[in-house]
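Quick mapping for you: the protein sequence lines, in order, are chains P and G.
Residue numbers for the first sequence, in this note's numbering: 1 to 203.
Residue numbers for the second sequence, in this note's numbering: 1001 to 1078.
No lab work stands behind these hints: they were computed from the structure.
Computed from a predicted structure; not experimentally measured.
Treat the hints with care, as some may be off.
Claimed, not checked - In silico negatives: residues of chain G with every beta carbon more than 12 angstroms from chain P:
hint, residue
1, GLU1011
2, ASP1019
3, GLU1047
4, SER1059
5, GLU1060
6, PRO1063
7, GLU1065
8, LEU1070
Stated by the list, open to error - Some chain G residues near chain P, calculated using beta-carbon distances under 8 angstroms:
hint, residue
9, TYR1017
10, PHE1046
11, ARG1051
12, ARG1055
13, LYS1069
14, ARG1074
15, ILE1075
Claimed, not checked - Here are the computed distance ranges between Cβ atoms for each label pair:
hint, chain 1, residue 1, chain 2, residue 2, range
16, G, ARG1055, P, ASP53, 14 to 24 angstroms
17, G, GLU1026, P, GLN17, 48 to 58 angstroms
18, G, ALA1072, P, ASN109, 22 to 32 angstroms
19, P, ARG26, G, ALA1032, 28 to 38 angstroms
20, P, GLU22, G, SER1071, 15 to 25 angstroms
21, G, ARG1051, P, ALA144, 12 to 22 angstroms
22, P, ARG24, G, MET1027, 43 to 53 angstroms
23, G, ALA1032, P, THR21, 52 to 62 angstroms
24, P, SER68, G, MET1027, 53 to 63 angstroms
Just so you know, even glycine gets a beta-carbon here, dropped at the ideal spot from N, CA and C.
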Amino acid sequence: MSAAGTVARMDGAEDAQRLATEARDRVRFEEDALALADQVYRVARHLANSREDAEELVQETYARAFRSWRSFTPGTNLRAWLLRILTNLNIDRGRRQQRAPQMQPLEANDYYLYDRLAEDGDGPSDEERVVERLSQDDIVTALAEVPHDFRDVVVLVDIGDFSYADAAQILDIPVGTVMSRLHRGRRILKGALAESALEEAEA
Amino acid sequence: MSFIDPCAHCEEMMQPYLDHVLTDAEMAEAEAHLDECEHCRRRYRFEESLRVYVRQATSEQMPAELRQKLSALRIPLE
């Protein structure tokens, strides 16, 4: 056998080895990504305007993630990596057609919501239980009323439990912008909650 | 003469306080005020409960069909 033949056979063996390693890495990547699907969906559900949009968005995200898994650096934050794909897709989809915002959302002071809920006579007034005057629907509806730029940050930090730094990376904005949007977004959310609480009190 | 309303200042510190991003000095300042101010203390406690409540209200389970659809997107091994 010629020397060249031996080298070719060794190359073949190395290729097979490399392919096997790659296949194993890819399977692991896919399994790790799927294990995070619940958490990704929970964030997507409130970034998107509806359940249907959220489901589509998560599917597109996973389709893209599985295709471009090589660009993920093992050992870094996979959940943040998936959410970065997802927020980019969400923005690309022209989600800007937000449900008719007829009014500028009320941006109350930070204490405003508690003051409104507590001053409203009956029901528990201690601080831990006064939140129970808000229904789950109130929260979901109020969150959907927060304009996207602010909502993205509130959802990532307060629901997705991402740090300011992770949220900044996911949305590709400076940390200072994350902080100011988070602050305003939470105030807008509380303003919307106060409005729905007042409407219910009047009804 | 300028007058700084301590409660207004405390209100401004609430979000960074609950996010644990205040400096030690600011943290001490906020806590000193909270120790003696029932008004702000109640509102801080409310804010904490609200955050927990928002998280609970938004923790919707992923539909089972979606999980299956995602698994089906995996790229088959050759």
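Okay, the hints, checked on the actual structure:
Once the 12 angstroms rule is applied to beta carbons, G/GLU1011 is inconsistent with being away from chain P; the minimum gap is 5 angstroms. With 12 angstroms as the threshold on Cβ separation, the claim that G/ASP1019 sits away from chain P is violated: the shortest Cβ distance comes to roughly 8 angstroms. Look at G/GLU1047: its CB is around 7 angstroms from the nearest CB on chain P, not clear of 12 angstroms, so calling it non-interface is violated. The Cβ of G/SER1059 does not lie farther than 12 angstroms from every Cβ of chain P; its closest approach is about 6 angstroms, which violates its non-interface assignment.
Residue placement check: G/GLU1060 does not keep its beta carbon more than 12 angstroms from all beta carbons of chain P (closest about 5 angstroms). Not every CB of chain P is more than 12 angstroms from the CB of G/PRO1063 (nearest about 7 angstroms), against its label as outside the interface. Taking the minimum C-beta to C-beta distance to chain P, about 9 angstroms, the non-interface status of G/GLU1065 is violated against the 12 angstroms cut. G/LEU1070, annotated as away from the interface, has a beta carbon of chain P within 12 angstroms; the closest lies near 5 angstroms.
Proximity of G/TYR1017 to chain P is violated relative to the hint, the smallest CB-CB distance being about 11 angstroms (cut-off 8 angstroms). Nearest Cβ of chain P to the Cβ of G/PHE1046: about 4 angstroms, under the 8 angstroms cut. The hint holds. Hint status for G/ARG1051 relative to chain P: holds, with the closest Cβ pair at about 6 angstroms, below 8 angstroms. Taken as an interface hint, G/ARG1055 checks out: its beta carbon lies about 6 angstroms from the nearest beta carbon of chain P, inside 8 angstroms.
For G/LYS1069, the interface hint holds, since its Cβ comes within 8 angstroms of a Cβ in chain P; the closest pair sits about 6 angstroms apart. This hint holds: G/ARG1074 has a C-beta 5 angstroms from the nearest C-beta of chain P, less than the 8 angstroms allowed. Contact between G/ILE1075 and chain P, as hinted, is supported at the beta carbon level, the nearest pair being about 6 angstroms apart and thus within 8 angstroms. Between G/ARG1055 and P/ASP53, the C-beta spacing of about 21 angstroms keeps the proposed range 14 to 24 angstroms intact.
Checked against the hint of 48 to 58 angstroms, the pair G/GLU1026 and P/GLN17 passes, with Cβ atoms roughly 57 angstroms apart. Checked against the given bound of 22 to 32 angstroms, the beta carbons of G/ALA1072 and P/ASN109, roughly 49 angstroms apart, lie outside it. Roughly 55 angstroms separates the CB atoms of P/ARG26 and G/ALA1032, a value that falls outside the hinted 28 to 38 angstroms. P/GLU22 and G/SER1071 have their C-beta atoms about 20 angstroms apart, which keeps the hinted 15 to 25 angstroms range intact.
Between G/ARG1051 and P/ALA144 the C-beta distance comes to about 18 angstroms, which sits within the given range of 12 to 22 angstroms. Restraint check, P/ARG24 to G/MET1027: a C-beta distance of roughly 48 angstroms satisfies the suggested window 43 to 53 angstroms. Here the CB-CB span from G/ALA1032 to P/THR21 is close to 59 angstroms, well matched to the stated 52 to 62 angstroms. Remark: the range hint 53 to 63 angstroms for P/SER68 to G/MET1027 is contradicted by a beta-carbon distance near 42 angstroms.
Violated hints, listed in ascending order, are 1, 2, 3, 4, 5, 6, 7, 8, 9, 18, 19 and 24; each of the other numbered hints is respected by the structure.
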